[in-house]
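Take the sequences, apply the hints, and build the full model.
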Amino acid sequence: MTATTAPASTETTRQLARQQSWWERSNKATMVMAGVTAAVCVFFALASDTFLTFANVSNLATQVAPVLIVAVAMTFVITAGQIDLSVGSIIAFVSAVSAQLLAAGWDSSIVLIAGLVMGAGWGMVNGWFTAYAGIPAFIVTLATLSVIRGIALLTTQGFSVPIDFDTFFAQLGSARWLGLSSSAWIALVVVVLGLVVLHRTPFGQYVIGTGAAEESVRRAGVNVRRVKLMALTLSGLAAGIAGILVAARLGSGSANSAQGFELTVIAAVVLGGTSLFGGRGTVVGTLIGAILITVIANGLTLVGVSPFLTPIITGTVLLAVIWVNLRGKDIGQALRSLVAGR
Amino acid sequence: MAGETEDLLVELKGITKSYGPVQSLRGVDLTLRRGEVLGLVGDNGAGKSTLMKVLAGAVQHGGGEIRVHGRPVRFANPADAQAEKIGIVYQDLALCDTIDVAGNLFLGREPRKGPFIDRRTMHEQAAQILSDLHVKVSSTHQEIGTLSGGQRQTVAIARAVSFKPDVLILDEPTAALAVAEVESVLRLITDVAARGVGVILITHRLQDLFRVCDRITVMYEGQSVDDVPIDQLDIEKLVALITRSEPQKAQKEVSP
Ligand SMILES: Nc1ncnc2c1ncn2[C@@H]1O[C@H](COP(=O)(O)OP(=O)(O)OP(=O)(O)O)[C@@H](O)[C@H]1O
Ligand SMILES: [Mg+2]
Numbered sequence: 001m002t003a004t005t006a007p008a009s010t011e012t013t014r015q016l017a018r019q020q021s022w023w024e025r026s027n028k029a030t031m032v033m034a035g036v037t038a039a040v041c042v043f044f045a046l047a048s049d050t051f052l053t054f055a056n057v058s059n060l061a062t063q064v065a066p067v068l069i070v071a072v073a074m075t076f077v078i079t080a081g082q083i084d085l086s087v088g089s090i091i092a093f094v095s096a097v098s099a100q101l102l103a104a105g106w107d108s109s110i111v112l113i114a115g116l117v118m119g120a121g122w123g124m125v126n127g128w129f130t131a132y133a134g135i136p137a138f139i140v141t142l143a144t145l146s147v148i149r150g151i152a153l154l155t156t157q158g159f160s161v162p163i164d165f166d167t168f169f170a171q172l173g174s175a176r177w178l179g180l181s182s183s184a185w186i187a188l189v190v191v192v193l194g195l196v197v198l199h200r201t202p203f204g205q206y207v208i209g210t211g212a213a214e215e216s217v218r219r220a221g222v223n224v225r226r227v228k229l230m231a232l233t234l235s236g237l238a239a240g241i242a243g244i245l246v247a248a249r250l251g252s253g254s255a256n257s258a259q260g261f262e263l264t265v266i267a268a269v270v271l272g273g274t275s276l277f278g279g280r281g282t283v284v285g286t287l288i289g290a291i292l293i294t295v296i297a298n299g300l301t302l303v304g305v306s307p308f309l310t311p312i313i314t315g316t317v318l319l320a321v322i323w324v325n326l327r328g329k330d331i332g333q334a335l336r337s338l339v340a341g342r
Numbered sequence: 343m344a345g346e347t348e349d350l351l352v353e354l355k356g357i358t359k360s361y362g363p364v365q366s367l368r369g370v371d372l373t374l375r376r377g378e379v380l381g382l383v384g385d386n387g388a389g390k391s392t393l394m395k396v397l398a399g400a401v402q403h404g405g406g407e408i409r410v411h412g413r414p415v416r417f418a419n420p421a422d423a424q425a426e427k428i429g430i431v432y433q434d435l436a437l438c439d440t441i442d443v444a445g446n447l448f449l450g451r452e453p454r455k456g457p458f459i460d461r462r463t464m465h466e467q468a469a470q471i472l473s474d475l476h477v478k479v480s481s482t483h484q485e486i487g488t489l490s491g492g493q494r495q496t497v498a499i500a501r502a503v504s505f506k507p508d509v510l511i512l513d514e515p516t517a518a519l520a521v522a523e524v525e526s527v528l529r530l531i532t533d534v535a536a537r538g539v540g541v542i543l544i545t546h547r548l549q550d551l552f553r554v555c556d557r558i559t560v561m562y563e564g565q566s567v568d569d570v571p572i573d574q575l576d577i578e579k580l581v582a583l584i585t586r587s588e589p590q591k592a593q594k595e596v597s598p
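Top to bottom, those sequences are chains A and B.
Following my numbering, the numbering of the first sequence begins with 1 at its first residue and continues without gaps.
Following my numbering, the numbering of the second sequence begins with 343 at its first residue and continues without gaps.
Hints are supplied without guarantee of correctness; some may be wrong.
Unchecked claim - If you only want the chain B side, here are some residues facing chain A, beta carbon under 10 Å, derived:
| # | residue |
| --- | --- |
| 1 | Pro420 |
| 2 | Asp422 |
| 3 | Gln424 |
| 4 | Asp434 |
| 5 | Thr440 |
| 6 | Val443 |
| 7 | Leu449 |
| 8 | Gly450 |
| 9 | Arg454 |
| 10 | Arg462 |
| 11 | Ser473 |
| 12 | Asp474 |
| 13 | Ile486 |
Said to hold, decoys possible - Footprint (simulated), chain B over chain A, 3 or more residues, beta carbon under 8 Å:
| # | region |
| --- | --- |
| 14 | 69-75 |
| 15 | 194-205 |
Since the hints were derived computationally from the structure, they do not count as laboratory data.
Glycine is no exception: its CB is placed at the ideal position from the N, C-alpha and C atoms.
This is the structure we're talking about:
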């Protein structure tokens, strides 16, 4: 390198900025996952007559929605090198408190807004302790996991609170458009938003950078604390949305709902190819991961095996796919050097 | 270099910095003029990098005063120092391994189209910067983590230079570079200095200092102990200044 400011030939410049091939850009872990998901779908389509019916696919979309909505936000959190264990508790809190507010006579529209504010608010609590008090997100959200569900249990005394079917809130749960539930449409919107924000905006770039090398991003003049605060606020907000949808669909709010939900969500994110160590995230992968986990549960029910087999098989698939992905990196590298070998 | 005050880019007076019980800086004075190349030398752990982090806003100093263009400033974060047109290549480079070359060059100042990163423009401008500086990377889309140590270093230098800073800090910029690349960096330093940029160069390659520097500031155990024009020095004298081995220099040392 020299400081000569004579313009370099435009040809070299164009060569340098040339877009890489689709194969070079694609996340190999995500491609493996897409393959596995397709194979699992084919298997269930052959094993069960009802799996590929529109009714079941629509049902699948509704089932996957809450997991997917939270998983997209969790993709940001994990990519930023953080974790949010409290999302299940936030769902329980929002669903229980929303049902109580409706029972107290609040208008549905206000309860909807309150649900979003409560979710985002808990997310900000997590974010503040993590980003500004310097406590690792794992510890912070482990604590709030317990506190948030505890408050919900305390206010409801553990009882499920029914939601009047006449309310707009409850009707949101059964609303359909083009054969798909409101949950499914909202999840779709969240996925598209997540894709655009993570891969196209400066905020997304800083989320990735923070997970890869927080200090480098800070020294580049970025407010990394705000980035972490915003990522955790997003996962809280997403859990709030999911809490509203779960309560609306079930027609009741319960402080006992969504137990272990955080683990399903984290599994979906990691299955999709997002690095648990941060710095690498894919929303498309998360979409595929969430679909795979839901399809396994749904398909096994249709095939008629014991429902207790579902967690065993889901866990085994998780382990197997991660294992293949770790080997797959070597395989991918070998393939690439063969292809690119000139 | 005329000693007129309007030429003064940076003045540091009595800078101190403690990390808990460790006192890394115990009163450092340093001046830098427009168009000047200042060599900053000292033993390992003398506090050179810490001082430069203070000047780049990456860490906040305890006591002392920073003046830039004659105005007293206090940097709360790196963005404040960038706003004063201070550019730096950190000793550890401060790159993000999972972000591509263009993304690293423009980290924190991405070209935008509405709320979105204008990736096309970003990659075009990145390619322009890299080819202007003859940086040897194959694509602006390559992830930084996949580059060689020397390539990473040249990308970090290109980033600092592309800010068009008034003050350019280079903390061991040639540590990982091959012979030809070192020559390029030295040429780059004289070129930007000729354009009026003040350069602070930290390096353990003493022969390089004699090729580009106008003046040398020596640090020892967290203090600035000497400030000598380069034409009054030769290699032996410089080594003696760094190691504090010459008897007449020893008296300048602070008693512990
Ligand atoms: N984050 C930190 N926490 C505690 N001590 C630190 C920290 N950073 C630097 N120090 C201490 O400050 C002193 C000066 O370190 P510094 O990196 O500035 O030295 P240096 O002159 O750049 O050395 P080198 O030539 O090896 O790069 C060292 O004793 C180091 O241990
Ligand atoms: Mg150093």
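These are the hints, each one checked on the structure:
{"no.": "1", "hint": "Pro420", "in the structure": "holds (5 Å)"}
{"no.": "2", "hint": "Asp422", "in the structure": "holds (9 Å)"}
{"no.": "3", "hint": "Gln424", "in the structure": "holds (5 Å)"}
{"no.": "4", "hint": "Asp434", "in the structure": "holds (8 Å)"}
{"no.": "5", "hint": "Thr440", "in the structure": "holds (4 Å)"}
{"no.": "6", "hint": "Val443", "in the structure": "holds (9 Å)"}
{"no.": "7", "hint": "Leu449", "in the structure": "holds (4 Å)"}
{"no.": "8", "hint": "Gly450", "in the structure": "holds (4 Å)"}
{"no.": "9", "hint": "Arg454", "in the structure": "holds (7 Å)"}
{"no.": "10", "hint": "Arg462", "in the structure": "holds (8 Å)"}
{"no.": "11", "hint": "Ser473", "in the structure": "holds (3 Å)"}
{"no.": "12", "hint": "Asp474", "in the structure": "holds (6 Å)"}
{"no.": "13", "hint": "Ile486", "in the structure": "holds (9 Å)"}
{"no.": "14", "hint": "69-75", "in the structure": "violated (count 0)"}
{"no.": "15", "hint": "194-205", "in the structure": "holds (count 5)"}
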